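We have chain A already, so just place chain B on it with the hints.
Chains as they are written, first to last, in the working numbering: chain A, 1 to 327; chain B, 1001 to 1327.
Hints in this document: simulated from the structure, not taken from any laboratory.
Here the structure is a predicted model, which means the values were calculated and not measured.
In this text, a Cβ means the ideal position worked out from N, Cα and C, and glycines have one as well.
Please note that a few of the clues may not be correct.
What the hints assert, rightly or not - Chain A regions said to be covered by chain B (calculated; three or more residues, Cβ under 8 Å):
1) 35–44
2) 73–84
3) 136–150
4) 192–199
5) 239–253
6) 276–283
7) 292–304
Claimed, not checked - Here are some chain A residues the structure puts well away from chain B; computed CB gaps all over 10 Å:
8) LYS2
9) GLU18
10) GLY27
11) LEU30
12) THR49
13) ASN66
14) LYS68
15) ASP128
16) GLU171
17) LEU223
18) PHE271
19) SER315
20) SER319
What the hints assert, rightly or not - No farther apart than 20 Å at their CA atoms in a straight line, the calculated lysine-lysine pairs in the PhoX-like style are these:
21) LYS1003/B x LYS130/A
22) LYS1218/B x LYS216/A
23) LYS1218/B x LYS1035/B
24) LYS145/A x LYS1195/B
25) LYS1204/B x LYS204/A
As a plain string of letters, each chain reads:
2 protein chains.
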Amino acid sequence: MKKLKIVSMSKYLPQKIESKKLEEEFGIPLGWSEKYSGVKTKHWVTHETNAFMGAKCLTYALKKANLKMDDLDLIISANATYDYPIPHQAPLIKKELNDYGTQVPCISIDTTCLSFVTALDIASYLLDGKRYSKIAIISSEISSKNLNPKDFETFTLFGDGASCAIVEYTENDESFVYGAHMMTKEEGAEETIVKGGGLRFHFKDYAYNPEDYSFKMKGKNLLRLAKKYIRPFIEDLFVKCGVTAKDIDFFIPHQGSKMGLFLFEKIYPEFKGKVANNLNTHGNCIAASIPMALYDAIEDGKICRGNTIALAGTSAGFSIGGIVLKY
Amino acid sequence: MKKLKIVSMSKYLPQKIESKKLEEEFGIPLGWSEKYSGVKTKHWVTHETNAFMGAKCLTYALKKANLKMDDLDLIISANATYDYPIPHQAPLIKKELNDYGTQVPCISIDTTCLSFVTALDIASYLLDGKRYSKIAIISSEISSKNLNPKDFETFTLFGDGASCAIVEYTENDESFVYGAHMMTKEEGAEETIVKGGGLRFHFKDYAYNPEDYSFKMKGKNLLRLAKKYIRPFIEDLFVKCGVTAKDIDFFIPHQGSKMGLFLFEKIYPEFKGKVANNLNTHGNCIAASIPMALYDAIEDGKICRGNTIALAGTSAGFSIGGIVLKY
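Extracted from the complex, chain A is given alone in its bound form (with noise of 0.2 Å):
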């Protein structure tokens, strides 16, 4: 038992796009969208950058809070998408703010899809140590520019988006980590890949094309993989953290993709009506994917003070994560 409690969430979502009409525009299939890929709108942004829509989320959860800056004293940015190859996110976030008042910290956590629970779980022992009181976990993704419209399996998925989790040390008992589990079988590490742009193919040698520089998923090799993996890593989870399906209040798994979610509800029928599904609104917004659901589950009385939820999912690594908390 960490001692965690998340004090409040927020949200930010660029401009809504319909399937529908980017199936009209780039000679997708009609219909394709929600078919195969379970997305009928999601968004994208215009105007925004990854601090941009950073800043909003760490704002409308400070002031949800009633906290300000000062207050906290750690801001994590969680994400795998960033504004700059260097420096990392979590400081441009906090310029955003325009408030050069205090001197708290910036951190930044990638685990790809995961990097939000993977922030939550590193969280719970920097707090639970009382390395830190008060922390903000920021996940704030934009994959749209890295989409082929060639691509139908991705450039349908994948969405924009942002969400803040401000989380902090409790000494009573009613809101706590259960714990956390994590493992990464690498051998998928390449099969979600942004391939160029980083230094093994460098945008000096390797001029920008829409294939090489944009997401590309073996969706099927990543299936199988989630096949093999998933129940026995939940079924670790659950042991680690004392707890069994049963204990289970709400399931928020990350936003993969239609099938993963359709094959996690087939693993684990126990869980039926009680997991997080937001994939036909949003699409897969990376990191930001489960905070999100997470938030909309609390603002829709989903998740009530009390309730033991899971966060879990796969992500580009290729990892499987997983946290049990006391909301």
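Just chain B now, kept in the frame of chain A:
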């Protein structure tokens, strides 16, 4: 006191480069590199990727500690430069080893030049809180691909290299972390930058040019920030750790620049003769600088078991961070 012991360290350097040769080749006044950047030789990659150098270091460090991959329970990549935009670096390092038998999880932590210090700080809480018992922290950095030969300051300063530390939970009190401290003054967030190639200046919209796609540093502004904040920061760090400057047997500052190191020795004359300096032979290797200097100091017998050491520095962000440990 957090229970963490550094059990082994390693280092990898790619091909050696004489600054003199670079000066001749790129029309830089002879002697400029050593005079202004303080760099006589450094190392730049030929065939190596970040993952390649990181994997070499991980292999050496495991061998020195007489451990195998399966003995680890976490791999942290603590770096600011990366092979691909997606996925993050840690699983790519593990994949390079071509040994897919384990499920050791992989996460990446980025605070630019302070990534190793941040990872060590976080690792101390994960070990002390018994989330993990053995963690590999790897900093593998390639700066040379993002340098502009016309910008003498950065072109002559930056080097490539990698280092790995394996840290473990220890029951006895001979090795531990006293404490750590960090602050971010985000008004300096864009004063050390690689502007092009992220989402804000996307390679789709901004054709490659060495000016926008290379490291840029506003050296004078950074020194001004460092001058203002470093002394009070180090005082705070020592107070948090319950130590005084006299207790420090060896100090490892980030090898940021000749002026930065000079300034540090001026601010803290009491450390004279106890400060690591490998800038002349390695250049600034971003997050790999601090662990490489730590490795060298241990190998050279400047740091022995039981010594109290401090690692600290500034990083793009702009942040200052430090950690004090009993080695």
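Status of GLU171/A, Cβ more than 10 Å from any chain B Cβ: GLU171/A is indeed farther than 10 Å from all Cβ atoms of chain B, at 17 Å.
Interface-negative label, LYS68/A against chain B, beta-carbon threshold 10 Å: holds, 16 Å
Non-interface label on GLU18/A, tested against every C-beta of chain B at 10 Å: Answer for GLU18/A: holds, closest chain B Cβ roughly 23 Å.
Interface-negative label, THR49/A against chain B, beta-carbon threshold 10 Å: violated, 5 Å
Whether chain B covers the segment 292–304 of chain A (at least 3 residues having a Cβ closer than 8 Å to its Cβ atoms): violated (count 0)
Cβ separation check - ASN66/A to all of chain B, threshold 10 Å: For ASN66/A, whose nearest Cβ neighbour in chain B is about 23 Å away, the distance exceeds 10 Å, so it holds.
Restraint check for LYS1204/B with LYS204/A, where alpha carbons must lie at most 20 Å apart: holds, 13 Å
Non-interface label on LYS2/A, tested against every C-beta of chain B at 10 Å: Violated, since 7 Å does not exceed 10 Å.
Non-interface claim for SER315/A, where every Cβ of chain B lies beyond 10 Å: violated, 8 Å
Distance rule for SER319/A, whose beta carbon must clear each one in chain B by more than 10 Å: violated, 6 Å
Reported absence of PHE271/A from the contact zone with chain B (all CB gaps over 10 Å): holds, 23 Å
8 Å C-beta test of the segment 35–44 of chain A against chain B, three or more residues: violated (count 0)
Of the hints listed earlier, those the structure fails to meet are numbers 1, 5, 6, 7, 8, 12, 15, 19, 20 and 22, in rising order.
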